[in-house]
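Visitor: Those protein sequences? They're chains A and B, same order as listed.
Residue numbering for the first sequence follows our numbering, beginning at 1 and increasing consecutively.
Residue numbering for the second sequence follows our numbering, beginning at 1 and increasing consecutively.
These are computed hints drawn from the structure, not numbers from a lab.
What you are looking at is a predicted structure, and each value in this text was computed from that prediction instead of being measured.
Beta carbons are placed, not taken as given, at the ideal position from N, Cα and C, and that holds for glycine.
Incorrect hints may have been included.
What the hints assert, rightly or not - To give an idea of the interface, some chain B residues facing chain A are shown, with a C-beta separation under 7 Å as derived from the structure:
(1) L47
(2) P329
(3) L385
(4) A394
Said to hold, decoys possible - Where chain A lies over chain B, by a calculated footprint (3+ residues, C-beta under 8 Å):
(5) 221 to 230
(6) 295 to 301
(7) 320 to 328
(8) 345 to 352
Here is how the chains run, residue by residue.
2 protein chains.
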Amino acid sequence: MLIPPLPQGFRVAAVHAGLKKVTAREDVAIVMSDTPAVAAGVYTTNLICAAPVVFDRSRTPGSDFQAIVINSGNANACTGQRGMSDAQSMASLVAKHCGVSDRSVLVLSTGIIGEFLPMEKIALGIGMAANQLGAESESVLSVCRGMMTTDTRAKLYGEYIEIGSRRITIFGMSKGAAMIGPRMATMLGVILTDAVLSPEDAQQLLIEATDVSFNCVSVDGHMSTNDTVLLLANGQTGGKPLAGDDLKRFSKSLTATCESLAKQIAEDGEGATHSIRIDVSGCQTREDARKVARTIADSPLVKTAIAGADPNWGRIVSAAGYSGVAFAPERIQLRLNGTLLYSHAAPVGFDAEAVSQSISATRETHIEVDLGDGTATIRFWSSDLTAEYVRLNADYHT
Amino acid sequence: MLIPPLPQGFRVAAVHAGLKKVTAREDVAIVMSDTPAVAAGVYTTNLICAAPVVFDRSRTPGSDFQAIVINSGNANACTGQRGMSDAQSMASLVAKHCGVSDRSVLVLSTGIIGEFLPMEKIALGIGMAANQLGAESESVLSVCRGMMTTDTRAKLYGEYIEIGSRRITIFGMSKGAAMIGPRMATMLGVILTDAVLSPEDAQQLLIEATDVSFNCVSVDGHMSTNDTVLLLANGQTGGKPLAGDDLKRFSKSLTATCESLAKQIAEDGEGATHSIRIDVSGCQTREDARKVARTIADSPLVKTAIAGADPNWGRIVSAAGYSGVAFAPERIQLRLNGTLLYSHAAPVGFDAEAVSQSISATRETHIEVDLGDGTATIRFWSSDLTAEYVRLNADYHT
Chain A
1 MLIPPLPQGF RVAAVHAGLK KVTAREDVAI VMSDTPAVAA GVYTTNLICA
51 APVVFDRSRT PGSDFQAIVI NSGNANACTG QRGMSDAQSM ASLVAKHCGV
101 SDRSVLVLST GIIGEFLPME KIALGIGMAA NQLGAESESV LSVCRGMMTT
151 DTRAKLYGEY IEIGSRRITI FGMSKGAAMI GPRMATMLGV ILTDAVLSPE
201 DAQQLLIEAT DVSFNCVSVD GHMSTNDTVL LLANGQTGGK PLAGDDLKRF
251 SKSLTATCES LAKQIAEDGE GATHSIRIDV SGCQTREDAR KVARTIADSP
301 LVKTAIAGAD PNWGRIVSAA GYSGVAFAPE RIQLRLNGTL LYSHAAPVGF
351 DAEAVSQSIS ATRETHIEVD LGDGTATIRF WSSDLTAEYV RLNADYHT
Chain B
1 MLIPPLPQGF RVAAVHAGLK KVTAREDVAI VMSDTPAVAA GVYTTNLICA
51 APVVFDRSRT PGSDFQAIVI NSGNANACTG QRGMSDAQSM ASLVAKHCGV
101 SDRSVLVLST GIIGEFLPME KIALGIGMAA NQLGAESESV LSVCRGMMTT
151 DTRAKLYGEY IEIGSRRITI FGMSKGAAMI GPRMATMLGV ILTDAVLSPE
201 DAQQLLIEAT DVSFNCVSVD GHMSTNDTVL LLANGQTGGK PLAGDDLKRF
251 SKSLTATCES LAKQIAEDGE GATHSIRIDV SGCQTREDAR KVARTIADSP
301 LVKTAIAGAD PNWGRIVSAA GYSGVAFAPE RIQLRLNGTL LYSHAAPVGF
351 DAEAVSQSIS ATRETHIEVD LGDGTATIRF WSSDLTAEYV RLNADYHT
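Extracted from the complex, chain A is given alone in its bound form (with noise of 0.2 Å):
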């Protein structure tokens, strides 16, 4: 696996401290700006939210922040005041152990729900991880795998751009594999950049990004209580703030960043044998497409079809029909893996096997959807539903 490299002015740090129950599983990360940055986050929008999301929200965005504290194996939500407090105890630690303020660390959290976060293996690991900040490619694999829980891969991606004797690094990363299913948010994940952003442009432009690809992404339809994407903008390649085309240029590289985190999340979805690329065009808002991309996505019927490379259409046009948005039922068009399945509201004669040969020989399904209304579209990324998807489910024991 190729680990890009973190931008300039970044160190990062992970050690297992036992949160979980697998030894030299790494569970407590810091990632540490030597300068201050300016941050920029988007959360979930679920009423039960974690304390760290409630933490965050109200730092962000803003300048002067130096680092991020990250812990796997709980997800501190759903414990009330206490969540709180301990949320803050994370902040003053890393504060402490690293030589910044208070104010300028943000906590991320991943894990079980409902239980209280074991703070003195925290404390321990927050002190351990401190004396190791490093910016080589091990470290950064080691704080990638420290915010996994479920997950079998780290999810990584980077980017150079040259603004004009400035080559400006992204550098991403991020986690998830269940209860993905974010809306006007995500999973965790941490976009670090050397370049030069204003508070509000940071802000702006990860709104942006998140909406067409963290928020296009669903393994379950379940909306976590803990989804969070910050980014950190250092400023050490210098100069003013981005702006126009320079900012423009920049926007497009986030959003590149995001999309390629959001795509290995559905890649890497529990369970999963199939990525499942739903492209939908021809609607009158964006918004129409990712519901009808996201109800194709969330249907356990279209799901359980691609796992048994199964061509059954029938599932992923009526999935369309119910999805709210409203169409014309005779314009509708479908194709699989670029086969034209339905047209004009009746069957149209395909080569059934050659159809299901294809999802059976790649890993991604690709299915386009045109409701013949409209110039808006979107991309959205899912996975398929297998029996194993159920027995990590069903065998996760609280």
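Since chain A is already given, all that's left is putting chain B on it; use the hints.
Guide: Using the frame of chain A, we list chain B on its own:
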């Protein structure tokens, strides 16, 4: 199994016409009223709806109906103009063989989407069934099997009410085990009665009964193209149309019939090992309560937790949190099989092992959610999600 009796003046028959691959499994059925009956219907709200839905919707509510013809094994959905003319042909064939008018016949179809009906087989089946009409238990059970697709058991219910010297019978049957996520409508259901009802009352009472029964069931959240419930009232008990308190008593029985049939559908959810009863209370409106219940019912994480006998309450309250209903998170209370699990936004100490054992020990799991925000309530029925559901739907090839 106790077979409820048909109301006066109804006869039924079903035969194997070859639409289903399994020999001797009935797939064409006729329900006949000896005298003209009032008919009411409620239908899927899916934009992609089947030909028989379009056909019946244009005819109900109304008077002078005498027959319903039903086929399973083929949904006659997404079949364009030919599908419409096939539905019309089914009605005409029944009219011819049973000596009733074309206009007096309604049509129900269920099964695979997107294939044309094998009309020769259906014509033979209708001819055979028309010669075998009867009112005994064997015929009733045979018709109920004739509606079934992946159902593992017949879904029947009946009751009497005494009004003056008249004994009114209500009989209901339904089918459905997957693609069950009705909204404003439901799966196939047929309710028969010998009460005297006006078409307007019949329609209104059926809408009300459906709203708290079939519309409160979800196996997999996927709304079918064919959902239909028909009510035939042939008035053989005589007298004036029911009104006032008598109509209210009939309405209560009709609702009990629909509730029983709806519950039987959830209990027979594909691959299910538990039925799940979800009582949501403390809401501002019944629609809010339904939204919360449906979101919990449709979460794969909740469904797999119940399959695994896991009192994973975080999954349940987080589903309520993204239902789209506004409520104060600190007021929500959750009980599972009678035990309080969550209250005042913080975990409640409880014996997890005991609750897990109570889930394992009973077929029905009872979830109670109180939002503490009003007086509206709903009772909703669902089923758990097992690897067997995945196997059934990944292997059910088109």
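Visitor: Against each hint, give a clear statement of whether it holds in the structure.
Guide: A quick look at each hint next to the structure:
1. With its C-beta approaching chain A no nearer than about 4 Å, B:L47 sits inside the 7 Å limit, and its interface hint holds.
2. Proximity of B:P329 to chain A holds as hinted, the smallest CB-CB distance being about 5 Å (cut-off 7 Å).
3. Hint status for B:L385: holds, given a least beta-carbon distance of 6 Å to chain A, under 7 Å.
4. Hint status for B:A394 relative to chain A: holds, with the closest Cβ pair at about 3 Å, below 7 Å.
5. Counting residues of the stretch 221 to 230 of chain B whose beta carbon lies closer than 8 Å to any beta carbon of chain A gives 5, which reaches the threshold of three, so the coverage claim holds.
6. Here the stretch 295 to 301 of chain B counts 4 residues with a CB under 8 Å from a CB of chain A, which clears the bar of 3, and the coverage holds.
7. Residues of the stretch 320 to 328 of chain B lying with their CB closer than 8 Å to a CB of chain A number 5, which satisfies the three-residue condition for coverage.
8. For the stretch 345 to 352 of chain B, the proposed coverage by chain A is satisfied: 4 residues have a C-beta within less than 8 Å of a C-beta in that chain, meeting the threshold of three.
Hint compliance for this structure: every hint is met.
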